[in-house]
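Could you put the whole structure together from the sequences, leaning on the hints where they help?
So the sequences go chain by chain: C and W. Quick note on the working numbering: the first sequence kicks off at 1 and runs consecutively. Quick note on the working numbering: the second sequence kicks off at 1 and runs consecutively.
Treat the hints as calculated values from the structure; they're not laboratory data. Since we're looking at a predicted model, the values are computed, not measured. Careful, some of the hints might be misleading.
Lysine-lysine pairs mimicking DSSO-like chemistry, simulated, CA-CA at most 30 Å apart [what the hints assert, rightly or not]: (1) W:Lys35 to C:Lys492; (2) W:Lys266 to C:Lys377; (3) C:Lys377 to W:Lys65; (4) C:Lys377 to W:Lys35.
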Amino acid sequence: MEPLTWTGALAFLNWPLFIVGLLMVATFIVSFVVPEPTVERHVMNADGTISAQNSGLTTTVNLALTGFLMLFVLLLVAYVAGGAIMGTDAGIVGGMSQRLLPVWISLIVLFAVSFMFKGSLGLYGKLFNSAVGMIGFGIVMFWVFTGIYGAMDLIVTHDALGQVSGMKNKVPGTPLRGAEDGDYAWYLLGGDNLARDIFSRMVKGAWVVVQIAPLATLFAFMVGITLGLPAGYLDGVGLKFASVPFYIAFILLGAALVAAYYFGGLQAFAAVAVIGTGFVVFLTLASLDMVLSFLANLILAFPVILLFYLLVTPEIVLTGLPQYMAAVLFFFPIVFFAILVHSRYRTQPSKNALYLAVVLIPLVLVYISAVNAPNSKITLFNFIDLFDIPPGVLVVFVSVVFVNSPTVFRIVRGLALDIKTRDYVAAARTRGERPWYIMLWEILPNARGPLIVDFCLRIGYTTILLGTLGFFGLGLPPESPDWGSTINEGRKLLSIYMHPALPPALALLTLVLGLNLLADGLREESLRD
Amino acid sequence: MGLFILRRVGVMILTALCLTYIVFFLTNLYPNLEKLAKTQGNFRMSDEAVASWLEKGGYLQSTPKKYAEWVGLVPSYRYTDDEGVVSGRCIDPGQSADEAPQFCGILQGNWGFSTVFKEDAGKIINERGIQTAKLMLWVLALMVPSALLVGVLAGMREGSRTDRTLSTFAITTTATPEYVSGVLLIAVFAASASPLNQWLAANDLIEGRTLFKGTATSAMENATFENFFLPVLTIALYGMGYIARMTRASMAEVMTAQYIRTARLKGVSFHNIVVKHALRNALIAPFTVIMLQIPWLLNGVVIVETLFNFKGFGWTLVQAAGNNDIELLLGVSVVSVVVVLITQLISDIGYVYLNPRISVS
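See the structure below:
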């Protein structure tokens with residue numbers, strides 16, 4: 001079998017693409033020399049001056065640039081579409097395009113449906129008014145679909161962990177040695193140092209990110225919101241002496257002490273006693289904001305990589321520390337939803353109980369299953385353990401949430417400080433609403449714009465953090481196909497073989513770029529309201 | 001102002017104590033100590049052998065006591081073996097126990113002994129730190145001017161083609177973490193398999209086989225453009241985008257101010273408006289951002305030093321953390337936490353000085 005070239009039968013398109021690309025770049029450079037195009041006849045500049053209408057030259061250059069850009073994109077689409085039909089006849093690009101066919105179809109359907117109903121879809125629909133936002137959304141959804149279909153074994157050509165002798169470090173398009181019927185006959189993006197298929201590993205790596213990054217970011221948001229809103233909204237000392245929250249704090253402290261003694265023995269008991277009492281005393285003297293901000297700054301002052309090296313090692317997993325942290329961090333969503341429902345339906349006891357049950361029972365079940373694992377430090381709830389998270393994944397997840405929460409906390413706190421001075425908050429206070437109702441049902445909905453934008457950015461940042469962990473070989477098993485680990489493996493032979501490191505590197509780059517563009521588009525559209 | 005600084009320094013010391021205690025606690029968990037014993041002794045040690053090794057080193061005391069010893073508030077641990085020989089942290093080899101000081105912690109200037117490098121931890125941190133300081137200096141020298149230039153050019157005419165082009169560039173760099181940009185840069189400029197290098201070499205345009213070097217090990221002795229530019233660029237690129245975007249936002253805001261319009265109506269040229277009127281006010285916000293970016297550079301330094309095999313501070317951190325070298329790791333975290341806190345302090349003070357509208361009280 002012949003090795004594949006990059007474009008195969010579509011190679012006749014290469015020269016046109018090259019020339020159009022060159023022309024496009026040249027026109028782009030020229031466009032900086034001629035005056036800026038404007039839409040109206042006269043345009044008001046920011047500094048109060050007026051620019052005249054477009055000259056003939058500007059219009060020509062602008063038209064040429066748009067034309068070349070469209071031609072360029074059209075040619076690229078021709079490769080993809082041609083490849084999807086012709087498969088490996090159209091070379092490596094064609095082969096990949098055909099494997100990605102389900103992704104293309106899903107993307108087209110998604111965009112078509114969203115476009116049709118964009119008027120009635122709120123902020124999501126408005127996204128389709130902004131070119132930047134659409135490009136970002138397209139890239140993000142490409143990787144999401146790739147990840148999902150990859151996990152369903154639709155796209156991958158070979159086993160991501162399987163090694164085939166003779167395929168070590170082979171260049172892209174090398175035919176599979178000793179291919180049998182039913183095997184995919186090529187390594188589309190070549191083989192890595194252990195003779196595994198790079199294309200399949202890249203696709204499987206997308207699944208790791210799609211699984212962990214959004215969920216970890218969501219948890220970080222739950223923690224940040226639950227702590228940031230009261231920090232920004234509540235004034236005065238954290239715990240008034242001999243008030244109800246004061247006693248609740250003592251009951252919680254007692255429970256924590258019992259738990260520490262039960263799980264960790266006398267030393268843990270002493271540690272929790274000192275830290276907990278100090279915490280309560282600190283809270284009775286200073287405002288909640290001061291205490292929480294100090295803690296957030298404490299975590300933020302830690303170099304992230306040092307924290308990862310301290311938390312994400314097999315030895316630390318043995319001590320059960322990640323599980324304890326998970327027990328604390330995963331509890332925040334439960335608290336959040338409980339308060340969310342209770343503060344709203346407090347005055348309608350029957351509805352309140354029903355909604356609380358509907359929301360909390362599944363959450364508590366998931367919480368227990370996530371925290372509890374057989375043969376580990378927390379085995380109390382083995383009888384209702386629905387699923388187990390592999391310890392490597394759990395520790396990665398927990399540390400990423402832990403690192404992200406303080407930043408979210410600071411953002412939410414800042415927003416709450418800003419919004420609490422608004423009139424509608426004062427009105428709610430005059431109505432006699434409770435503080436938590438105001439925080440969760442007045443302030444939070446009005447802070448959603450910046451929070452959604454930051455959510456997108458933060459998923460990108462979480463993706464980078466996951467890559468960092470993989471890059472240092474922390475957490476996930478060494479053969480894991482996640483992008484960070486593959487980049488780390490590929491970089492060692494980079495000066496001789498470039499092809500193993502580049503696909504995961506470019507994949508990570510495009511996904512994070514897509515998320516940033518999406519955030520930019522969302523910001524633009526939400527500001528337009 | 002004096003009171004403000006005093007309070008901040010107080011919070012700083014408290015933060016540093018908390019953070020080092022956390023590091024201390026995590027490195028002193030029993031499985032970590034067991035690993036340390038096995039890497040220092042041998043891997044087939046029995047549990048009793050591990051326990052006696054730890055006992056001898058004083059690792060089995062309670063964590064607060066060990067921490068106080070490390071800080072230098074409590075006399076340090078001594079171990080007397082069966083033959084009556086006393087050994088301990090404060091006692092140098094060849095020194096008798098009576099001559100040795102009782103206290104030897106950070107406060108006495110003793111940073112402890114690195115179990116990986118078999119050297120004084122303070123000395124290692126000093127040597128490696130100088131290497132990294134060199135790297136950081138060049139990164140700042142490259143990053144700050146170019147980020148400000150990009151930001152000012154983009155923000156000076158908001159929404160223009162220059163703005164859109166430069167903003168796209170800034171977004172792309174913030175989306176490219178060091179381990180991606182480093183790999184891409186090495187692949188293009190420092191790999192002999194790269195088409196660019198093959199073309200350059202075939203036409204005798206470069207001396208060696210590649211344009212740049214993919215490793216910066218030689219830059220520790222003798223930094224040249226060839227071996228040092230790629231690591232510097234890699235760190236600078238990631239930090240640059242964020243500063244540029246902040247500068248752009250600040251510049252765009254200033255350009256809509258009334259006094260700029262007044263200047264324009266007076267007939268001041270656009271060039272003079274930007275340089276003389278807008279720039280000064282537009283650079284207040286980026287100053288804070290640059291200072292706060294320095295702790296983030298620390299992360300970049302760790303990644304880039306690993307990627308380019310430059311044996312500086314970040315590389316030491318990875319070695320110390322990977323081998324649970326407790327005292328070296330503590331030293332590294334003390335230094336990095338102090339760097340973080342001092343940059344925060346400078347950024348706060350500088351902000352007050354630069355912006356007359358803000359006061360500390």
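Is the hinted pair W:Lys35 and C:Lys492 satisfied, with a Cα-Cα distance of at most 30 Å? Holds, because 27 Å separates the two Cα atoms, which is no more than 30 Å.
Given the hint that C:Lys377 pairs with W:Lys65, does the C-alpha gap stay at or below 30 Å? holds, 26 Å
Regarding the pair C:Lys377 and W:Lys35, is the alpha-carbon distance no greater than 30 Å? holds, 20 Å
Check whether the Cα positions of W:Lys266 and C:Lys377 lie no farther apart than 30 Å. Violated - the C-alpha atoms of C:Lys377 and W:Lys266 are around 74 Å apart, more than 30 Å.
Of the numbered hints listed earlier, the single one contradicted by the structure is hint 2.
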